[in-house]
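Undergrad: Chain by chain, the residues:
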Amino acid sequence: MDLFNPGFWTFVAVIAGIYGIMALGLYVQFSLAGLPNFGHVAFMAVAAYAMAILVVRYEVPLALAALGGLAAAVVLAVVMGVPALRLRADYLAIATIAGSEIIRYLVMSLPELTGGAIGSMGLLGPGEIALYNQDWQAFRDAIAGLVTPLLGAAPSHDEVTMALVWALLIGLIALFWRLERSPWGRVLKGIREDDTAVAAVGKNVVHFKMQALIIGAILGGLAGLLLAWQIGVFSPDDYQPTLTFYAYLILILGGVNRIWAIPVGAVLFSLLYTGTRFLNFFPLSLFDPGERAFLRLFLVGLLLVLFMALRPEGAFGDRRQLMLEK
Amino acid sequence: MLLDVRSVAKSFGGVAAVSDATFDVAEGSITSLIGPNGAGKTTVFNLVSGFIRADRGEISFAGRRIERLSGDRIARAGLVRIFQTPRVLTRMTVLENMMLAAKDQPGERLWSAWMTPRRVARKEAEGRDKAEQRLALIRLSHLTHEYAGALSGGQRKLLELGRALMVEPRMILLDEPMAGVAPVLREQLLDHIRELRAEQGVTVCIIEHDMDVVMSISDRIIVMDDGTVIADGPPDAIQDNPRVIEAYLGRSGGLDGGARA
Chain R
1 MDLFNPGFWT FVAVIAGIYG IMALGLYVQF SLAGLPNFGH VAFMAVAAYA
51 MAILVVRYEV PLALAALGGL AAAVVLAVVM GVPALRLRAD YLAIATIAGS
101 EIIRYLVMSL PELTGGAIGS MGLLGPGEIA LYNQDWQAFR DAIAGLVTPL
151 LGAAPSHDEV TMALVWALLI GLIALFWRLE RSPWGRVLKG IREDDTAVAA
201 VGKNVVHFKM QALIIGAILG GLAGLLLAWQ IGVFSPDDYQ PTLTFYAYLI
251 LILGGVNRIW AIPVGAVLFS LLYTGTRFLN FFPLSLFDPG ERAFLRLFLV
301 GLLLVLFMAL RPEGAFGDRR QLMLEK
Chain W
1 MLLDVRSVAK SFGGVAAVSD ATFDVAEGSI TSLIGPNGAG KTTVFNLVSG
51 FIRADRGEIS FAGRRIERLS GDRIARAGLV RIFQTPRVLT RMTVLENMML
101 AAKDQPGERL WSAWMTPRRV ARKEAEGRDK AEQRLALIRL SHLTHEYAGA
151 LSGGQRKLLE LGRALMVEPR MILLDEPMAG VAPVLREQLL DHIRELRAEQ
201 GVTVCIIEHD MDVVMSISDR IIVMDDGTVI ADGPPDAIQD NPRVIEAYLG
251 RSGGLDGGAR A
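Residue numbers (our numbering), protein chains in the order written: chain R, 1 to 326; chain W, 1 to 261.
Hints listed in this document are in silico derivations from the structure and should not be mistaken for laboratory results.
By construction, the Cβ of each residue, glycine as well, lies at the ideal position given by its N, Cα and C atoms.
There are no misleading hints in this set.
The calculated label-pair distances, taken between Cβ atoms and stated as ranges, are:
#1 R:L3 - W:L110: 41 to 47 Å
#2 W:E126 - R:P6: 50 to 56 Å
#3 R:A63 - W:R73: 39 to 45 Å
#4 W:K103 - R:L3: 55 to 61 Å
#5 R:A293 - W:R122: 56 to 62 Å
#6 R:G116 - W:L110: 34 to 40 Å
#7 W:E126 - R:T196: 22 to 28 Å
#8 R:L304 - W:L110: 33 to 39 Å
#9 R:T196 - W:L110: 20 to 26 Å
Chain W is nowhere near these chain R residues, computed Cβ spacing over 12 Å in every case:
#10 L3
#11 Y91
#12 I102
#13 Q134
#14 D135
#15 V267
#16 L271
#17 F294
Isolated chain R, as found in the complex:
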């Protein structure tokens, strides 16, 4: 892999933008409303699978199928939220972990429905390769065609996607930046601090928590759809539980409770994650490439630990907030 290949970095930027949208969903749930969601990836996977199944099996137009995918993520949020949100926050953590594992096992053990371990390619059964991405590619080509006269040269597929994803991320952050500062956002932050106190002044806490959970699910689902479109075909491995923790890392790296630091966190995380790919010089070159791949994950972990030890508030967080007594 060439360090100076712009195509590679464009791809990294697309993934960073998608991770940013994923992290924004978690921000609404965790940083605003204090809901510990440890199964965020389930919203992504459910949206991607619902979209792909609608397109491949029922030939639904992509835009409608995308809405169907988001609706599926909302249904999952309601199913987990109705029993768990009335209880203490710990129970939601358990419900989301269990919920996302259940989704993963269902995907693996119902190959007729989901394509099983083969993933989206197997949606039409063996012997036929299923594709859900034609409409997305056509959409991307149409945009490329529109902007070519303006730019003087045709942008690559990834460049178009990068522009779309980052425009979406910035727009959504602006929207939620504003909502965070509204009375609605204030109630959510109050719930994060102490939900009993907020109920005691007459706010329907369960209702607000459910809103936050659903909005987070929609944003997570959106990230799941974009990831599916970007990679073209997906399998259960593309929606690993670790994605949820990447989202937490992005929030922590950018700065706890700083919405506009999410893109910074997403870029920092992507640089840490992909940048270590280039650590192929001496003495690391003494290891063979297979061992180096493990070393890379080890180094990501080490860097994150160092970051946490030296700058627990993240790149742009407020250190004073961390020192307040509960």
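Using the hints, position chain W against chain R.
TA: Structure of chain W alone, referenced to chain R:
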């Protein structure tokens, strides 16, 4: 009667915290709920304010049955409580703590927050004015923009009282409002509570251990022991009630002893 509690009971894992509580609170009065530790006073507050559901019994507020309503609905109905250990929202400013509690803010609905910013802003300005007045009343104005988590225990108590007032309650339940508040502020706090009743007609029900405070502020005193109400009447009658004296002597040295301590 504004608040009417009839034969209410609650046990936790077989232990009866409240076995039979029956009392009422008149509109516009200041009523104290006293009794030795473990008598069930705070449990009664939790039951009345909807934070715990009663095993049996009836609770009515302003003529409406409330024993099955959730805490937030009871607060919206005008019955607001403050907690024994203050619950402030630590990583929010003092002003945000206050403004959060303002009632009828349309901006708390997502759609209005996004679509009618002007109406929301007008209501916010009203809420802010009201919050600043109340903060001046409880002498926390100088801390308006400070994080609530940076406040001392006594200041948190005051903030919680101020926040409860933002809801514009008809009745307020105060669980040991004086605990941890400096003596100088205590007198002021007592005056504020009297003013609340006199100027805004707020009914006050108060749990308090300091007998001087109880005797000076109450119109009526309800005494609990072992989960039941053992006496109920004006301060003079309560002071001489043999059952009350026995309940206190048996545990913590008597009513007058408590007053001098």
